Amino acid sequence: MTLIPVTEVAHVIRSKNAGPYELTLDILFKDQATFAATRDACVVTPESIARLYGIPVTDVLKVIYYEPALAIKITLRRLMTSGAFGETDVYGAQQHAPLLRLMVPAGDSCR
Amino acid sequence: MKILSPTAILGYGFPDASFAEGMRRRPDVLAVDGGSTDPGPYYLGSGKPFVSRAGVKQDLARLLQGQAELKIPLILGTAGGSGARVHLDWTLEIIQEIAREQQVTYRLGVIPADVTHDAVVQALAEDRILPLTNVPPLTEKVVRASTSIVAQMGAEPVVAALQEGFDIIICGRCYDPVPFAALALSKGMDPGPALHLGKILECASIAAMPGSGSDCVMGILDDHGFTLESLNPERRFTKVSVAAHSLYEKSDPLSLPGPGGVLDLSQVSYREWDQGRVRVEGSRFVRDAKYRIKLEAARCVGYRTISIAGVRDPGLIALLDEVLSKVQEQCRSRMDPQAKIHCHVYGRDGVMGPWEPERKMAHELGLVLEVLAPDQAAADNGCSLLRSTLLHYGFPGRLTTAGNLAFPYSPSDIAVGAAYEFSLYHLMEIDDPCCHFPLSERILMP
Chain A
1 MTLIPVTEVA
11 HVIRSKNAGP
21 YELTLDILFK
31 DQATFAATRD
41 ACVVTPESIA
51 RLYGIPVTDV
61 LKVIYYEPAL
71 AIKITLRRLM
81 TSGAFGETDV
91 YGAQQHAPLL
101 RLMVPAGDSC
111 R
Chain B
1 MKILSPTAIL
11 GYGFPDASFA
21 EGMRRRPDVL
31 AVDGGSTDPG
41 PYYLGSGKPF
51 VSRAGVKQDL
61 ARLLQGQAEL
71 KIPLILGTAG
81 GSGARVHLDW
91 TLEIIQEIAR
101 EQQVTYRLGV
111 IPADVTHDAV
121 VQALAEDRIL
131 PLTNVPPLTE
141 KVVRASTSIV
151 AQMGAEPVVA
161 ALQEGFDIII
171 CGRCYDPVPF
181 AALALSKGMD
191 PGPALHLGKI
201 LECASIAAMP
211 GSGSDCVMGI
221 LDDHGFTLES
231 LNPERRFTKV
241 SVAAHSLYEK
251 SDPLSLPGPG
261 GVLDLSQVSY
271 REWDQGRVRV
281 EGSRFVRDAK
291 YRIKLEAARC
301 VGYRTISIAG
311 VRDPGLIALL
321 DEVLSKVQEQ
331 CRSRMDPQAK
341 IHCHVYGRDG
351 VMGPWEPERK
361 MAHELGLVLE
371 VLAPDQAAAD
381 NGCSLLRSTL
391 LHYGFPGRLT
401 TAGNLAFPYS
411 PSDIAVGAAY
421 EFSLYHLMEI
431 DDPCCHFPLS
441 ERILMP
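Taken in sequence, the protein lines are chains A and B. Under the numbering used here, read the first sequence as residues 1 to 111, first letter to last. Under the numbering used here, read the second sequence as residues 1 to 446, first letter to last.
It should be emphasised that the hints constitute simulated quantities derived from the structure, not laboratory data. Keep in mind the model is a prediction, meaning the values are calculated, not measured. For every residue, glycine included, the Cβ atom is placed at its ideal position computed from N, Cα and C. Treat the hints with caution; some may be incorrect.
[Stated by the list, open to error] Heads up, incomplete: computed chain B residues facing chain A, CB under 7 Å, no partners named:
1. D38
2. P137
3. E249
4. K340
5. I341
6. G353
7. P357
8. M361
9. E421
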């Protein structure tokens, strides 16, 4: 399996609050083949996300593959309620950077 | 039915040309969302708006003019950003000003969304309160400590206002899709497509390519589904851009819970039509056995003072953690015992905090020193002490004996005022979907 950086095959990698208590991460793939190859290779799992963020796997609340948008959605427990004392990112819009290091299998169209 | 959404949040603005194109296509209703919890707890807690007054006035003036021109309903959800009474009154005052300037009388249906502290405490005692995921269970103490408590209204109160004959309806806190779906629901259309369309329209053109939160879009609804049309020729919808929008700010793209039921998107199909249009079918609304509304509130947790400073000295950067902890230790005894201290270190982990996987330091760091205390004077005192102690702290090997910090501003300390935290984000079971959302008439004359 050839692995390539996710930044080459995704057109959106973002984070945002899903309400004040959760943070949600989206990876939107450019093409069906890479989306499917990534899904089938199980490279994005609660365990791999927990490792990337250095958090307990129980703080990764959901990993959902959503084919209509060629998307992987990951929902994390927020470190604290949005805007609470010690907050670093009220909107949660800059918490995606660890995802940029992901390596994913090349789909057919990339070979 | 044609539903025109001008902008993602009232006050964000929209191009005249897109709005004129929308008006030319003769919509049946103009609807706009006014709010969000994204900007954090301050706005609901303090009663302040998070959009500019001038922006809201400019948008409202054009929408009121459009309403008068076509004699169609204009529905505004979550007035003033957070939708408490004070935000609603702020919005009404702006409409009053427009009425005066344009010499027009407006007859409004006004639906506040405030829930009294007693009503929530009673619901708590009757076991009708349920925390949302990750939210701690509610206590009476937390309810009493909250400032305004609002609930997201479902479509029913707005449908009732339309049936009373109101053409301009201004709502307090409102489930975001409601202003867009209400007219369709008042005519007995299927709530599945109506609410799903509302979910997309509440963000205006964010679901288009290229996306924008300040451009107009038309949703065309029928009994089987809906079609999205951009009103700006530079944007188009694609099936992926629309499908991707159901991910936006949601934890689950297939199941979106709201007042009275869940929007089930598991059977939805997206098809691309000509001219950048997308057709969506298969959205279903599944009613809950018990009607629940979402409560939101914030409470004041003290007063905040901050100081912003840069560090360029490699010696201090190398020892920063040790120095910050010694400085805090030294200041503690002279601060209010309840004061909390936090140091944001930009250039290291200022954005991600404990989640930051990179451990390398930049050659210069930005510090935001923050003190939260029971009153402003105590916060000012704490921050001043922290800043001056750090400025002159003699760390081992120090060469820079004239000062450790570079301040971009004089004054170096900024009193931020009251600080808030979200306190309620819970569901409350109710019997009558309208009971906390009383409709009243308001006439605004020049």
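query = Checked against the structure, which of the hints given earlier come out wrong?
reply = 2, 5 and 8
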